[in-house]
Amino acid sequence: MDKLVKSEDEAMLADNARGFLDEAAPVRALRDLRDAGRTHDPALWRRICDMGWAGVLIPEDAGGADMGHAAAGVLAHEMGRTLACTPFLSSAVIAATILRRIGGERAKSAMAAIAAGELTHALAIDEAHKFAPEATAMTAERHGNGFRLSGKKCFVVDGGFADRLLVLARTGEEGLTLFDLPADRAGITRTAQGMIDSRDAARIAFENVEATGDDVLGQVGGAMTALKPGLEAGQAALAAEMSGLAAGAFDMTVGYLKDRKQFGQPIGSFQALQHRAAHLWCEIEVTASAILNAGRVLDTDPNEATLAVSLAKARATSTAQLAVMEGVQMHGGIGMTDEYDMGFYMKRARVGSEWLGDYGYHAEQVAALRGM
Amino acid sequence: MDKLVKSEDEAMLADNARGFLDEAAPVRALRDLRDAGRTHDPALWRRICDMGWAGVLIPEDAGGADMGHAAAGVLAHEMGRTLACTPFLSSAVIAATILRRIGGERAKSAMAAIAAGELTHALAIDEAHKFAPEATAMTAERHGNGFRLSGKKCFVVDGGFADRLLVLARTGEEGLTLFDLPADRAGITRTAQGMIDSRDAARIAFENVEATGDDVLGQVGGAMTALKPGLEAGQAALAAEMSGLAAGAFDMTVGYLKDRKQFGQPIGSFQALQHRAAHLWCEIEVTASAILNAGRVLDTDPNEATLAVSLAKARATSTAQLAVMEGVQMHGGIGMTDEYDMGFYMKRARVGSEWLGDYGYHAEQVAALRGM
Amino acid sequence: MQDDDRLNRFRSEIRAWLEENCPAEMRDGRITDDAICWGGKNWEFSSDAQRSWLERAAARGLTVPRWPAEYGGAGLSRAEEKIFLEEMERINARPPLKSFGISMLGPAMLQFGTPEQKRHYLPQIARGEIRWCQGYSEPGAGSDLASVQTRGEDMGDHWLVNGQKIWTSYADKADWIFALIRTDREAPKHKGISFLLIDMDDPGVTTRPIRLISGASPFCETFFDNVKVPKDRIVGEANRGWDVAKYLLTHEREMISSGGTGLSGGRALGAVMAQMAGEPSAQDPVLRAAAIRCEVDALATGLTIERYKDMAEAGKGVGNASAMLKYMGTELNKRRHELIMSACGSAALEWDGPVGNRAADWLRTKANSIEGGTSEVMLTILARRVLGLPGA
Amino acid sequence: MQDDDRLNRFRSEIRAWLEENCPAEMRDGRITDDAICWGGKNWEFSSDAQRSWLERAAARGLTVPRWPAEYGGAGLSRAEEKIFLEEMERINARPPLKSFGISMLGPAMLQFGTPEQKRHYLPQIARGEIRWCQGYSEPGAGSDLASVQTRGEDMGDHWLVNGQKIWTSYADKADWIFALIRTDREAPKHKGISFLLIDMDDPGVTTRPIRLISGASPFCETFFDNVKVPKDRIVGEANRGWDVAKYLLTHEREMISSGGTGLSGGRALGAVMAQMAGEPSAQDPVLRAAAIRCEVDALATGLTIERYKDMAEAGKGVGNASAMLKYMGTELNKRRHELIMSACGSAALEWDGPVGNRAADWLRTKANSIEGGTSEVMLTILARRVLGLPGA
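Chains as they are written, first to last, in numbering that gives the first Met the number 0: chain A, 0 to 371; chain B, 0 to 371; chain C, 0 to 391; chain D, 0 to 391.
There's no promise every hint is true.
[Stated by the list, open to error] Which stretches of chain A does chain D cover? Using the computed rule of at least three CB atoms under 8 angstroms from a CB of chain D, they are: (1) 1-12; (2) 257-268; (3) 288-298; (4) 353-367.
For the record, the hints were derived by calculation from the structure and aren't laboratory data.
Treat the numbers as computed from the prediction; the structure is a model and nothing was measured.
Think of the CB as a built atom: it goes at the ideal place given N, C-alpha and C, for glycine as much as any other residue.
Chain A on its own, in the form it takes in the complex:
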């Protein structure tokens, strides 16, 4: 396995990404989007696709850059730092990983469309308030040569605008099956959810939606073969995003501690705050190791990545939550105002904590794999 240090390529990628995002997608961009009542900025996504980020996990023969999961984590981290609002995780990470695992010509052309920014995908998996794929109740009954899908999904991230939906459903005795459907297929109704992080999510109802065998990704009853790697890629990238979010909130907080004066001195000179800031920095550093490790393991040993990925997501969740809680508290009143950016970090941290499995879910995965 490669070392737990960013390679030169990765460092350069991070620098470039940071430069671009500071200009094109600072927190203000998310604020403007929200104030305009929108949850997606196609122009931003277009620019990102033009830089090739959407193809980070897509083979070169499908028009991708094939840089791997560690590199995807580098990009996600930088996007987390500025809370860039894009379908990167849904499309370029989760859908791309699933399609790549499926393989074949159709998947290849779908990946090419993702890399080129022609199509966006969303993963419709949750049905209740917690991530629990194995508890999927939505049905895909065999009907003639095809299937009829009925059920409800919620918290479909980027599902409000995605062109295609990857839908997990239960096929009788055969088990869980993954479908790849156009979002406008008859019987599909999408309802936007007013999310606290101002990003896109939808509640989606499926009422006797017709699907053919061609709409099935992989084998009937064999959803997990491709879904599991897709989920793990998404979890690792989300963890990377949250580590970037933590770093962004932390930088803002340390800046405030240096600037803000109270009782005649910068508040950052108060030892109690210094120690808390230093502790937070330590937590962020430790989480960074878990993030980089998850990327490395996904790139070298993807079938044995669960421990590394769950470790990364668990650590990223607790660290991001600590970073935003300390961030708001150390900012005092101003941190509570909508005018200031810290609240955006706090709200995104909360959504990121839940998406694709929360702390408890991933901690239990770690425990199980460590025999505890």
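Assemble chains B, C and D onto chain A, guided by the hints.
Quick look at chains B, C and D alone, frame taken from chain A:
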């Protein structure tokens, strides 16, 4: 229920106890006892009995002072403050409460002997590494008119020197039965355990120990009727002891913070230590409420005291642990030396945490009673 | 014994009274700001039930149970009040009225006000006729509350007030404001402040809501531009307003802390856990363990609030130790709402989603440990004044 | 690819070598101070196996795998060392030798020593012939390491050393001590200190063990009474010893932190939980949840130590950030041992009880966050030097 404020009587009792213990049983006394290779100081216990403390829960007609559980908690708290090494909990709280619940003339004379300091009792209940009375495996088989007891107990606090043993055993289908036996009955072998808190505990083997019906406390198979109140009284008093221990360790720490200079100033002027000390004080104050409440509930509504008692023991455990950990850390190197008293607090806190149910045990009791 | 009899009788009476007077709609246990009546000239009752519940309670003195009857209270003892609150909780009754007049100005006025002021202002508060807000903080001052810059120039029969306050809770909905104003600019920081009462309708008073991260705007900025304040609109002596403010801060701390604790709050977490997860123990042991720890701490903190109230009634001054209640209560409340959010999962990630506006409640708690003195200020108060640790 | 081939070949070689040379008795994974050989003139081997394991490893350079061969090492690269350690862990091998010479003096001497010093001292360390201890702390100085009072008067060809050190680990068992001595009393605090090497057998050196709360006495007080130290027994330049000390502190932090983490340490907790509680999940969910959190943090901290080693090898200076490893590693280790104690219950409350001396191990961890710079000092270093926060 009485108010959550010490009554005048209780306040006076506390003052008197503090004065006595500072003189007769400071930490140095425990140290001297340990250095002399002993675990019990009969002379100290004699003086305590002469003051009437051993009768705090014993009716006046049996020679007790009948002051109630809140008062017992006041005494235990003060004993915890100086780590006074006495069989107060085993004899004057647990055994006395059990005997009182049993009632009758024999119990009355046994209580009189406790109050007068003529007999000490120990509760032999644990068999494995965790408190779990319901899992008792030791057997008391019916044999002729009586019973034969076989099995092993461990962590019998004060069991190395107690005159009598209250022993929990399983009687066939009838369930758990409580026996009151002289410690020197044939077939009983006691082995001293070298406890980290320098107090007394024994591993006790029972090999075909003969017991008669007269040795049974209460009904065969009905141990819990009297044992449960006894355990709860003991848990509440132990919690009070641990709250006193926390207060003692805290006072020592705050004293050190004021005296000790480093980098040219008293270390207590450093804000990070100030905030940690203040936080610890808050935890101690909050725990004090739970302790007093447990005493009040035991005095007014003893059959519904489980929640209050488990709350007190859980809080006292976490608070005492925090107090000794902060105490050692804030003292730096000197806190690690045997020469300094802080280590005695730390070791007693660990033993107190385990005895009669640890944090997890009591937290689960709280959870169950709160429907969680 | 006689005492117990009297209290038992009181319990029966109050239970019967509640049975008769508390409308069924008011028995849903909701205690959030939007469910409870705050009163004031512009209050719009959410229902007839809310109105009659206020009117009946006020007529019986039970909006301010411990205040003397002559000022609109019921003159209850602490023990009686406890029974009243227990009986309220038993039927899950909403409080009939909540206001800063009740929790803050009233106590200050009872302590520092003139007889005329008490007779004039307190009954208006008790009946929910006048809604008050608090003007302490100023921009840039943060935790340093005594650095008041808003000035009141002595013009003989009135002060001419100019300046700006921030974090004035619900100033946009309030009728009057009580505010700290610097009336002597030469005196030391804590010595030149007065505690003035200002009608929000007076010329020169304007207010602007501050949007918070929760989307709500409970706080405002409030501006004073040549506002004339007559000389009798002062609580306590001129330039001694800091005494009143300190007294009030203690009350505020207790109020904020108890908002976050108590048995009912504790039940909230357990109930949410059960509701959201079916068999909670089976679903997420790590979350459940955290919830149990929170419950243990919540119960003990609730008992501590009780204990401090009992101590206060027993004449044992609580003083700076109230900073403990504020600190522990608000930090606990933050923990609890983090756990509630976790228990609710994605259902709580929407504004006004399927489980109500949990997210707004959660975000609101983040302010608890900032407003009324940050947790850091509380810890410093405790370290210096209670523990006697030396200054740097 | 070629690299990989080379490393794979190395792995095969080292595996075969271990198979042949590591005695079966040394494959029990014990890493406590009493199980491992510390070497020195007075070392008494606990078994023939311990002796031959040391001799074989030293002959192959594997007591100090990364040191150059000319100084007794095996000259391994970081990647090779990693493989060596993995293979050691695979067979649960005890380290053949542990000493402050290896972990502290060696690195300092490799960096600051003269060629003569390296040739003289390093092979003795590598072979376990000379056992070193460290003389930094002094009574009353606490975290303020640079306030060295022990003085060395310049007598021309030697320094005359007088004073006292404290917390000198295993000084009573050591042959030599490396110590910070004030050789210029006029210079500013950090500028007048030298890093001297002193033979414990020299006249005037005495030592006295300090009994700890765990009952053990790993630390001593060490006294210098007119001890003559020849001028060539110095590492680095005279009065520049603080540079050496700072360099070493970084190493010490890393060593102390890694003692507390790593995958094997993590397994220890899980194994204890399983061993003690049968079905741990069924028994105490609150404890299990805390253990899981600890495991998550331990794994991530272990990876961080790996990452920092990789960074160091990649030439990216770690510098003050090593304070993070020290802080996080030692605090984690305290947490882990609290949990191990809880998992073992009353079985761990005896000295040398049925589960071994868990209590002594637990109490030992309390010193980790004090020795080598307290957690508080680490946090201040990070706040000031890494985060750039201002001084008070």
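Do the hints match the structure? See the list:
Remark: the region 1-12 of chain A is confirmed as covered by chain D, as 3 of its residues place a Cβ nearer than 8 angstroms to a Cβ of that chain, reaching the required three. Residues of the region 257-268 of chain A with a Cβ under 8 angstroms from some Cβ of chain D number 5, which satisfies the need for three, so the listed coverage holds. Given as covered by chain D, the region 288-298 of chain A passes the check, having 4 residues with a CB less than 8 angstroms from a CB of that chain where 3 are the minimum. With 4 residues having a beta carbon nearer than 8 angstroms to a beta carbon of chain D, the region 353-367 of chain A meets the requirement of three or more and the stated coverage holds.
Every hint, counting from the list given before, is met by this structure.
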